[in-house]
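Colleague: Spelled out from the first residue to the last, the chains are:
4 protein chains.
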Amino acid sequence: MHYQMNQDLLENGDREQILATVAKTFEERVPFNRILGFDIKLQRDGAAKLSFQMRDDLVGNFMRGNLHGGVISSSLDVVGGLVAFVALLDQNLVQLFDEGLERFSKMGTVDLRIDFLRPGLGRSFVATGSILRAGRRIAVARMELHNDSGTLIAVGTGTYSIG
Amino acid sequence: MHYQMNQDLLENGDREQILATVAKTFEERVPFNRILGFDIKLQRDGAAKLSFQMRDDLVGNFMRGNLHGGVISSSLDVVGGLVAFVALLDQNLVQLFDEGLERFSKMGTVDLRIDFLRPGLGRSFVATGSILRAGRRIAVARMELHNDSGTLIAVGTGTYSIG
Amino acid sequence: MHYQMNQDLLENGDREQILATVAKTFEERVPFNRILGFDIKLQRDGAAKLSFQMRDDLVGNFMRGNLHGGVISSSLDVVGGLVAFVALLDQNLVQLFDEGLERFSKMGTVDLRIDFLRPGLGRSFVATGSILRAGRRIAVARMELHNDSGTLIAVGTGTYSIG
Amino acid sequence: MHYQMNQDLLENGDREQILATVAKTFEERVPFNRILGFDIKLQRDGAAKLSFQMRDDLVGNFMRGNLHGGVISSSLDVVGGLVAFVALLDQNLVQLFDEGLERFSKMGTVDLRIDFLRPGLGRSFVATGSILRAGRRIAVARMELHNDSGTLIAVGTGTYSIG
Numbered sequence: 001m002h003y004q005m006n007q008d009l010l011e012n013g014d015r016e017q018i019l020a021t022v023a024k025t026f027e028e029r030v031p032f033n034r035i036l037g038f039d040i041k042l043q044r045d046g047a048a049k050l051s052f053q054m055r056d057d058l059v060g061n062f063m064r065g066n067l068h069g070g071v072i073s074s075s076l077d078v079v080g081g082l083v084a085f086v087a088l089l090d091q092n093l094v095q096l097f098d099e100g101l102e103r104f105s106k107m108g109t110v111d112l113r114i115d116f117l118r119p120g121l122g123r124s125f126v127a128t129g130s131i132l133r134a135g136r137r138i139a140v141a142r143m144e145l146h147n148d149s150g151t152l153i154a155v156g157t158g159t160y161s162i163g
Numbered sequence: 164m165h166y167q168m169n170q171d172l173l174e175n176g177d178r179e180q181i182l183a184t185v186a187k188t189f190e191e192r193v194p195f196n197r198i199l200g201f202d203i204k205l206q207r208d209g210a211a212k213l214s215f216q217m218r219d220d221l222v223g224n225f226m227r228g229n230l231h232g233g234v235i236s237s238s239l240d241v242v243g244g245l246v247a248f249v250a251l252l253d254q255n256l257v258q259l260f261d262e263g264l265e266r267f268s269k270m271g272t273v274d275l276r277i278d279f280l281r282p283g284l285g286r287s288f289v290a291t292g293s294i295l296r297a298g299r300r301i302a303v304a305r306m307e308l309h310n311d312s313g314t315l316i317a318v319g320t321g322t323y324s325i326g
Numbered sequence: 327m328h329y330q331m332n333q334d335l336l337e338n339g340d341r342e343q344i345l346a347t348v349a350k351t352f353e354e355r356v357p358f359n360r361i362l363g364f365d366i367k368l369q370r371d372g373a374a375k376l377s378f379q380m381r382d383d384l385v386g387n388f389m390r391g392n393l394h395g396g397v398i399s400s401s402l403d404v405v406g407g408l409v410a411f412v413a414l415l416d417q418n419l420v421q422l423f424d425e426g427l428e429r430f431s432k433m434g435t436v437d438l439r440i441d442f443l444r445p446g447l448g449r450s451f452v453a454t455g456s457i458l459r460a461g462r463r464i465a466v467a468r469m470e471l472h473n474d475s476g477t478l479i480a481v482g483t484g485t486y487s488i489g
Numbered sequence: 490m491h492y493q494m495n496q497d498l499l500e501n502g503d504r505e506q507i508l509a510t511v512a513k514t515f516e517e518r519v520p521f522n523r524i525l526g527f528d529i530k531l532q533r534d535g536a537a538k539l540s541f542q543m544r545d546d547l548v549g550n551f552m553r554g555n556l557h558g559g560v561i562s563s564s565l566d567v568v569g570g571l572v573a574f575v576a577l578l579d580q581n582l583v584q585l586f587d588e589g590l591e592r593f594s595k596m597g598t599v600d601l602r603i604d605f606l607r608p609g610l611g612r613s614f615v616a617t618g619s620i621l622r623a624g625r626r627i628a629v630a631r632m633e634l635h636n637d638s639g640t641l642i643a644v645g646t647g648t649y650s651i652g
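Chains as they are written, first to last, in our numbering: chain Z, 1 to 163; chain V, 164 to 326; chain U, 327 to 489; chain C, 490 to 652.
Calculated from the structure, these hints are not laboratory results.
Note that beta-carbon positions come from the ideal geometry of N, C-alpha and C, so glycine has one too.
Treat the hints with care, as some may be off.
[Said to hold, decoys possible] Selected chain C positions facing chain Z (Cβ under 7 Å, derived; list incomplete):
id, residue
1, GLU505
2, VAL615
3, THR617
4, ILE627
5, THR648
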């Protein structure tokens, strides 16, 4: 997906405030994230946590009642994008305030691999991400999705870039 | 995602009727496909076509108004699953009617790679898939997403299996 | 790559002996593994360790002197195949001795993703793998390549199957 | 893999000469490409063709005599890198001669997906690549490997970048 922050960010020099704004922007201003009910937290160290509840309309296999693969892919893509966003932000913090957010408005997923390991069954799910590599323009992240029993449902790897 | 057909299929020996049932099942009985507004067609030769309209709630980047990456991943995963389903069905047609649908109820995506090539802008989108390899239990498919101007938005490759 | 064991394996009922035979077979009887100088160890718990020395003819970038991407891919594919082999073996141990090695002779890599994180510089390298999922016919493995300073050079994910 | 051109390139303003130099550099000055016996051609339109002969030491499965997966991955990575190189060169031709080759010396594969479709059997093999997307710093390529009977052995997708 393609990411974009609002103008508030530029006016908030403080990294912690920036992260809160990023999380809030991803959660409230990305329409499809709202449809999916994603709840997003960004910690000061750049760790991201995306939670969502099981709902009937997120189901793929109507007989087994498990999550649709597209919901799994969406959650991993978004959480990977979040940790990549923070990593690229940290690599570009100085330029960011000189050049404005123009480059960041072109941030997006370059490619994504998802491995579907077990059926997406559970009452709620948590997606987390970590950075494998961050350059100035490209970041690679690894992501995991667990259910509320701690079962590993899916893993992913994503490459993200900024313009 | 995990796929499952209803009991109707077993009672329809005719391949063409089976394909119509599969398309209808994917379109109407998979809750998340309905949320996304996927319209699904399966041709007699096994080719699949998945169409959907742009809608405000499918947006990822609220400033540019393009499709959320998760919608792109979902459409490619589903269309890849469809062509894989048909290919595996054709490899197993005899066994299918001997053993019933038990094995097919465990069909699902093993892994998926998506390359996001251009912003998902347009009024409507069409996802198509083709089979790269089909064995008795594993099929590999390649998928493409175009917008209504014919621009290639994303491509994918998926590995699918049946239990 | 495609894997195959020799007849010795059938005659060795003991799992530990089987693992030693597998490691030796991969190391000594796979011509391209010899070219690359892969040294292979399989532990009783199924963990695999593949080591190799830097050599002039394994270089990709002649000005920087780092490993060729193909050497990196080869090492991750082989170590992923090894842990997948052991995992599938454990899932099929009973059948193996009933049916013989026929199915295992068709074991191979279905697909592979490699992320090249840092230049392959070092005096020696170690590739390791772990299993994310193992069914009766498909196993998914994650792999890592480190140099002798402990730097993470590349990671991979592979899907492996047996006939 | 990481790519690098020699100084000759800078002194050759003509695009056609540049392509000939690139092909020659990949073929003759990349040690591991020589080990694999890769013969490389770059056409004026940027199309790349990498050919190699079957040899005993490129075998993975000693009983079936097919290509090692690492040889397949290597050929697809290199041919994808070649078409990406040319595409990025064309996007940066002006800058290239202003800034020199510094940026190009940091070109490399970011990530790679290989799908192994059929056993690598044949007397000789041809890998080809095409560009899916080329920006100024990132290019995405699709690759295919056929044997001398025209059988599709493997396909791949790679993301490449320049520093």
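Colleague: Next, verify each hint and record whether it holds.
Modeller: These are the hints, each one checked on the structure:
A least Cβ separation of about 30 Å between C/GLU505 and chain Z goes past the 7 Å threshold, and the interface hint is therefore violated. Restraint check, C/VAL615 versus chain Z: the minimum CB separation of about 25 Å is more than 7 Å; hint violated. Interface restraint check for C/THR617: the shortest CB-CB distance to chain Z comes to about 21 Å, outside 7 Å, so the restraint is violated. Satisfaction of the interface hint for C/ILE627 is found here, the shortest Cβ-Cβ separation to chain Z being roughly 6 Å, below the 7 Å cut-off.
A cut of 7 Å between beta carbons decides the hint on C/THR648: the least distance to chain Z is about 6 Å, and the hint holds.
The earlier numbered hints that this structure contradicts are 1, 2, 3.
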